[in-house]
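Novice: Sequence:
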Amino acid sequence: MTILNRVKELRARFNFSQSVLAEKVGVTRQTIAAIEKGDYVPSLLLALMICDVFELKMEDVFVLNKEGEENE
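Position one of the sequence shown corresponds to residue 1 (full-length UniProt numbering), numbered consecutively onward.
These aren't lab readings, by the way, just hints derived from the structure by calculation. The C-beta atom is built at its ideal place from N, Cα and C for all residues, glycine as well. Just so you know, nobody snuck in bad clues.
Simulated restraints, written as ranges between beta carbons of each label pair:
id, residue 1, residue 2, range
1, Leu-48, Val-20, 12 to 22 Å
2, Lys-66, Ser-17, 31 to 41 Å
3, Lys-66, Val-20, 24 to 34 Å
4, Glu-23, Lys-66, 29 to 39 Å
Construct the entire structure; sequences and hints are all you get.
Specialist: Written as structure tokens, this is what we have:
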């Protein structure tokens, strides 16, 4: 399972650079870049802060990808 996100899409829609979004949530630009690429899964607190910036619910920004998961 992986966590997919729409951070890059939303950041573009709001016309934010990675640096601007990073400043708004208190992390580095590199952290935002890693989240967008899927290389880093944000903490719950950081994910909530990102959602707050975009005024969206968690499920509108982050999605659990169950592809490849075996049925039990």
